[in-house]
Structure formats: structure tokens, C-alpha cells
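Build the full structure now, drawing on both the sequences and the hints.
Following numbering that gives the first Met the number 0 from start to finish, the sequence shown increments by one per residue and tops out at 340.
Calculated directly from the structure, the hints in this document are not laboratory data.
The structure displayed is predicted, hence computed values, not measured ones.
Ideal placement from N, C-alpha and C gives every residue a C-beta, glycine not left out.
Keep in mind that a hint or two might mislead.
Here are the computed lysine to any residue pairs in the SDA-like style, where the Cα-Cα straight-line distance is at most 20 Å [stated by the list, open to error]: (1) Lys206 with Pro195; (2) Lys206 with Arg189; (3) Lys158 with Leu53; (4) Lys152 with Gly172; (5) Lys158 with Lys206.
Estimated spans, in silico, between C-beta atoms of each pair [to be verified]: (6) His130 with Arg88: 32 to 38 Å; (7) Gly117 with Ile199: 26 to 32 Å; (8) Ala196 with Asp76: 42 to 48 Å; (9) Arg133 with Gly204: 20 to 26 Å; (10) Thr194 with Ser161: 21 to 27 Å; (11) Ile199 with Gly86: 40 to 46 Å; (12) Glu101 with Gly198: 23 to 29 Å; (13) Trp282 with Gln99: 42 to 48 Å; (14) Glu33 with Gly168: 24 to 30 Å; (15) Val29 with Gly246: 32 to 38 Å; (16) Thr271 with Gly204: 34 to 40 Å; (17) Pro75 with Ala196: 37 to 43 Å; (18) Glu208 with Arg88: 29 to 35 Å.
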Amino acid sequence: MRKNSTAFLLLLGSLLIQESIAAIPDAVIVGPVEADPPGHPSKNSIYAASAIELRANGYIEEEYFIEGTANQYTNPDLETGAVIDSGHRYLTRLIVRRPQAEDFNGIVIVEWINVTGGPDKDIDWWYSGAHFVRNGYAYVAVSAQQLGIDTIKGMESAKIRSLDTTHDGLVGGDGLSYDIFSAVGRAINRVGQSTPAGGIDILDGLKAELIIATGHSQSASRLAIYLNNVHPLELIYDGVMVHGGGGRIRDDQETKIFKIMAETDMARRAATPQPNSDTFMQWEVAGTSHADYDFEIEYSKLRLLRDGLPISKQRRETLVVRFRLIVEFHFVIPLMLPSSI
Numbered sequence: 000m001r002k003n004s005t006a007f008l009l010l011l012g013s014l015l016i017q018e019s020i021a022a023i024p025d026a027v028i029v030g031p032v033e034a035d036p037p038g039h040p041s042k043n044s045i046y047a048a049s050a051i052e053l054r055a056n057g058y059i060e061e062e063y064f065i066e067g068t069a070n071q072y073t074n075p076d077l078e079t080g081a082v083i084d085s086g087h088r089y090l091t092r093l094i095v096r097r098p099q100a101e102d103f104n105g106i107v108i109v110e111w112i113n114v115t116g117g118p119d120k121d122i123d124w125w126y127s128g129a130h131f132v133r134n135g136y137a138y139v140a141v142s143a144q145q146l147g148i149d150t151i152k153g154m155e156s157a158k159i160r161s162l163d164t165t166h167d168g169l170v171g172g173d174g175l176s177y178d179i180f181s182a183v184g185r186a187i188n189r190v191g192q193s194t195p196a197g198g199i200d201i202l203d204g205l206k207a208e209l210i211i212a213t214g215h216s217q218s219a220s221r222l223a224i225y226l227n228n229v230h231p232l233e234l235i236y237d238g239v240m241v242h243g244g245g246g247r248i249r250d251d252q253e254t255k256i257f258k259i260m261a262e263t264d265m266a267r268r269a270a271t272p273q274p275n276s277d278t279f280m281q282w283e284v285a286g287t288s289h290a291d292y293d294f295e296i297e298y299s300k301l302r303l304l305r306d307g308l309p310i311s312k313q314r315r316e317t318l319v320v321r322f323r324l325i326v327e328f329h330f331v332i333p334l335m336l337p338s339s340i
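And the structure:
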């Protein structure tokens, strides 16, 4: 009997340890971080600051840091991952664009910043930022991957050089990115919640009724892994829009998942379509390209703003397909509501 009791206690202790490790670790918000206007000689500006006029439209743009520890997870196919290890340190940044309280529509968009080619790129903001501003969305961009940080370290001030998502190089493959993305979503107060005493409220009192994650292309692929392996451990986001990438996504969780694909995205995916379900829906937009004319124009604006040049002097630097793929959030968002899909 004593042996059985001892074995039971050891098993119970093991399960409790696993449960405690599996929980998404808490994080600390620092900021807002002092910043000069884009293009300032000090280089102490927000990298990837919005090229859309915000202040005239009642919006505020601020940069924050988020720091904490994160787990690493296994990545089984279409199954919840297991914690490999924990306690890995990170310090990274996020950009917040928020309206005045009277203009807030209750919806917060959280974008997984794209790092293809190096620099941070908030691509879904390029596509839909004007719509967000017109309709009172709050928006948060998350630097979850080390490549983006490494690329902008040479362009920005010392504040960026302290950022790291690898636990001082101990973790590769952006293994901490998933808990980072969860931690940012958790830092957003919902209706009925408040920031603990001494903490920083990144939305300055705004309360979210709906929190939606989004990401384009490479970011969409990361979101697909996140949805399959990590998000089921704690449902941080009410909905996720996977845009222009990502493989098959499990739909056995309450989170609403909406996938938008250009015609060029479907060339190697059309043979194995994923059917719609109660929580998953996919649109395939005919006659559109993965990176379109609007993409190139908005990327040009960002570079001009960063270099302190007038946006009016933008020019097309490459030939691009002029078929348009604008993420129509005003169509997609209602489908993210609990009664939809």
C-alpha cells in the first residue's frame, strides 16, 4: 500500500509540474518607450511607424517593450504541443496604434510582424490600416522573431540593441515566438478586466470585446503552427485571420479561424483543399497575387518615412502585378463573432 501511495504522489507531483510549466508564462510591459519622429537623425524613432496619418485622425502610436520567460514546444502535426523546457528569457517590442475612447469599436487587431527579407513589416496594417482608422479599431504589432530585430538593430538606437528573443542565443528557430505572441494578447484588457497595480496598460483604458490575431505570408505560416500546437493550451484570441500562407489548420477549438488566399497562393495548395467547418472558413480570391500593387506602394511609403523623405515623392521600385488583394476586414470581422461561421 505504501508503495502504491508513493507512486501515486509521484505521478500527481509530475502532473502538477507539467501543468504549471504548460501555462503561458506572465510577462511585463515596459513603456511607452520614448521615440522621436520617423526619419529623425537620432534614429530614436519607431521602426515601421505608420505611414498613415494618425494624430489628425485621433489616433496615438506608441512603442512598448515586453519581457518575460517563455516555453519551447514540440510541433506535432495538427495536435497540441508539449512543453520541451521553460524559463527562456526574452525582451522584444510591440507597436500600439489606438483611437480615442469615444471612437473605439471594441475590436483589437494583433498582427504577427512579417520578417521575410529581414526588417519588420506590418503588412496587414499596410493593407487595412486606413480601414482600421476609419472604423475605430485598436491595433498592436508584435516583433516575435529574431530576424526582424537583428535587421533593424543597425538602423535604430541603442534601445533596439537590447532586444532578444533567443535567450542569449540558446534558443533557435524562433522557438519562443509563440509564448511571446500569447503574452501580448494576454496583456490586452478585456471588458471587466484591469491592469494590476503598478502594471502598464498598453491600450490606456480601452477594453477589448474581441481580440483578433492576423499575419501575412511568413507570419501566416507561424500562426498556423501556433494555432495547431500552442493556442489550444490557452485560448488567448477570439479569432485568427491567416492571410496568404499557412498549411492545414486544426478546427477543433472554439477560436474562429478565417483564411484568405490569393490566386497565386493556391498554385500548390489547390490539390489539397481544407473544407470549411463551424470554426474554419477559407476564401480564395481570384485574379489576385501574393504581393500586389498596394503592397509595393505601402512598403515604399514605410522606407521613405524611415529615411525622413516626403511620402509624396514615392516611386515604384519594382514591377508588380496590379491585381489587388486588399484584406476586407469589414467583411471578415463579423464572421469572427461567436455566432458566425
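Okay, the hints, checked on the actual structure:
| no. | hint | verdict |
| --- | --- | --- |
| 1 | Lys206 with Pro195 | holds, 14 Å |
| 2 | Lys206 with Arg189 | holds, 5 Å |
| 3 | Lys158 with Leu53 | violated, 24 Å |
| 4 | Lys152 with Gly172 | holds, 19 Å |
| 5 | Lys158 with Lys206 | violated, 29 Å |
| 6 | His130 with Arg88: 32 to 38 Å | holds, 37 Å |
| 7 | Gly117 with Ile199: 26 to 32 Å | holds, 29 Å |
| 8 | Ala196 with Asp76: 42 to 48 Å | holds, 43 Å |
| 9 | Arg133 with Gly204: 20 to 26 Å | holds, 22 Å |
| 10 | Thr194 with Ser161: 21 to 27 Å | holds, 24 Å |
| 11 | Ile199 with Gly86: 40 to 46 Å | violated, 23 Å |
| 12 | Glu101 with Gly198: 23 to 29 Å | holds, 24 Å |
| 13 | Trp282 with Gln99: 42 to 48 Å | violated, 32 Å |
| 14 | Glu33 with Gly168: 24 to 30 Å | holds, 28 Å |
| 15 | Val29 with Gly246: 32 to 38 Å | holds, 35 Å |
| 16 | Thr271 with Gly204: 34 to 40 Å | violated, 46 Å |
| 17 | Pro75 with Ala196: 37 to 43 Å | holds, 40 Å |
| 18 | Glu208 with Arg88: 29 to 35 Å | holds, 33 Å |
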